[in-house]
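Order-wise, the sequence lines are chains W and Z.
Sequential numbering of the first sequence, starting at 1, is according to the numbering used here.
Sequential numbering of the second sequence, starting at 1, is according to the numbering used here.
Do not take every clue at face value.
[As the list claims (entries may be wrong)] Residues of chain W clear of chain Z, computed beta-carbon distances all greater than 10 angstroms: (1) Leu62; (2) Val161; (3) Pro199.
[What the hints assert, rightly or not] Simulated coverage check for chain W against chain Z, where a stretch passes if three residues somewhere in it have a Cβ under 8 angstroms from a Cβ of chain Z: (4) 53 to 59; (5) 82 to 95; (6) 148 to 159.
These are computed hints drawn from the structure, not numbers from a lab.
Small disclaimer: the values here were computed from a predicted structure and weren't measured.
Don't be surprised by glycine CBs; every beta carbon is placed ideally from N, CA and C.
Number of protein chains: 2
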Amino acid sequence: MDAELDADRRLIDRASTVELLAAALRERIIKGVYLPGERLVEETIVKSFKVSRNSLREAFRLLTHERLLVHELNRGVFVRKLTVADVVDVYRVRKLVECNAVRSLAGRPRQADDMAEAVAAGDRAKEDGDWLALGTANMMFHQAVASLAESPRVDELMRNVFAELRLVFHTVADPRRLHEPYLDRNKEILAAIEAGDGPGAERLLLKYLEDSEHRIVEAYRSA
Amino acid sequence: MDAELDADRRLIDRASTVELLAAALRERIIKGVYLPGERLVEETIVKSFKVSRNSLREAFRLLTHERLLVHELNRGVFVRKLTVADVVDVYRVRKLVECNAVRSLAGRPRQADDMAEAVAAGDRAKEDGDWLALGTANMMFHQAVASLAESPRVDELMRNVFAELRLVFHTVADPRRLHEPYLDRNKEILAAIEAGDGPGAERLLLKYLEDSEHRIVEAYRSA
DNA sequence: GCATATTTGTCCGTATGTATA
DNA sequence: CTATACATACGGACAAATATG
């Protein structure tokens with residue numbers, strides 16, 4: 001495990017142990033190795049990564065701020081478990097940001113390439129039957145949509161929001177039902193964006209988001 | 001200094017040393033005790049607050065995430081110094097969030113009380129000639145506007161954005177010129193909101209934000 | 001409810017690496 | 001190039017809170 005960190009350290013010269021550790025933990029959370037609600041015990045992780053407790057605690061603090069972990073005083077850290085209210089709020093933010101991003105659209109934006117790439121990645125994932133990868137491709141697409149706003153702060157906000165949303169994937173039972181229907185709809189949205197049709201894209205996008213929210217909340221209540 | 005922390009710790013029983021320390025540092029940054037660009041040396045602060053380096057480093061990380069500090073690897077932390085690009089991006093976010101918040105307005109919202117209070121605080125500050133307090137009141141007003149979105153995540157985003165913006169106040173020379181003209185305009189915006197006139201409020205707000213941005217960028221370039 | 005074991009919260013000493021005068 | 005100041009990282013220690021039997 002620690003060999004992994006060392007390799008990264010050599011590759012990216014300027015990265016601290018804390019950041020590398022946080023990246024490794026983030027990956028495990030996103031991939032579902034650590035599941036929502038699970039407690040992360042300091043000593044166990046310290047041993048498996050061969051880092052000091054202080055470094056681990058700083059990495060925890062980083063991920064807590066990204067809302068991937070929750071910290072309970074004197075009890076430790078747990079993988080975040082989103083409530084229905086959280087999901088609703090995440091979609092509130094998505095509607096605000098994504099719809100605004102496409103609203104004032106004129107001409108083919110640079111981000112269209114990123115979107116096309118995300119769609120292609122989704123197609124590949126579907127063929128492979130890799131539903132987690134399909135979910136990832138879907139988020140990549142919408143991250144690209146959000147980046148139409150051309151704002152670093154909005155980008156960061158959405159990176160966090162999408163990371164949060166991935167926590168849901170590990171809680172609901174059937175990821176296929178969750179992601180598959182949206183591949184084609186992303187293609188429609190992309191077509192509208194490439195045509196420079198802002199209002200049309202916004203209409204499709206809003207409906208997409210409402211359907212997606214409804215489906216997740218439904219699946220979530222029964223879980 | 002440490003007596004201060006201890007008093008707070010007794011009051012709010014369930015607060016960690018790190019959070020109390022972060023709050024104390026945040027206050028000093030916002031009040032301009034630590035100025036933009038200034039380096040915060042670990043040992044000095046450890047001594048003055050009588051906390052451990054570990055606690056201080058965690059507090060630093062918290063404030064770095066709030067964008068009040070910047071962290072340079074192996075060089076330490078500095079009070080953030082906003083660039084013109086940062087200011088422009090902050091206003092991009094403000095336009096996105098604040099304008100959307102008032103756009104779909106129906107009836108008198110709960111937050112109108114908060115806005116009215118902020119306006120009153122602004123009036124008092126103006127009488128006292130306390131321009132820093134006037135700036136604070138102005139931010140309180142617009143934080144209340146943003147909270148029309150009724151989203152915890154948007155609220156947090158805007159709290160950070162406004163905290164960043166306060167860093168500018170300590171860099172430009174004349175805070176009075178920066179804040180005073182906007183008291184009356186806030187009153188106009190509030191009136192439109194109280195009347196349930198969403199589009200009218202949005203028009204006033206957008207113009208306010210554009211003027212404010214222009215003025216700050218101008219003052220900023222010459223500083 | 002009580003006593004014990006476990007885990008976190010905090011602090012310290014030290015060794016190493018990095019930036020800069 | 002050297003010296004100095006500082007950040008980075010580690011491991012140990014003890015107190016405090018929590019979980020467990």
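Tell me the hint numbers this structure goes against, listed in increasing order. Violated hints: 1, 2; rest satisfied.
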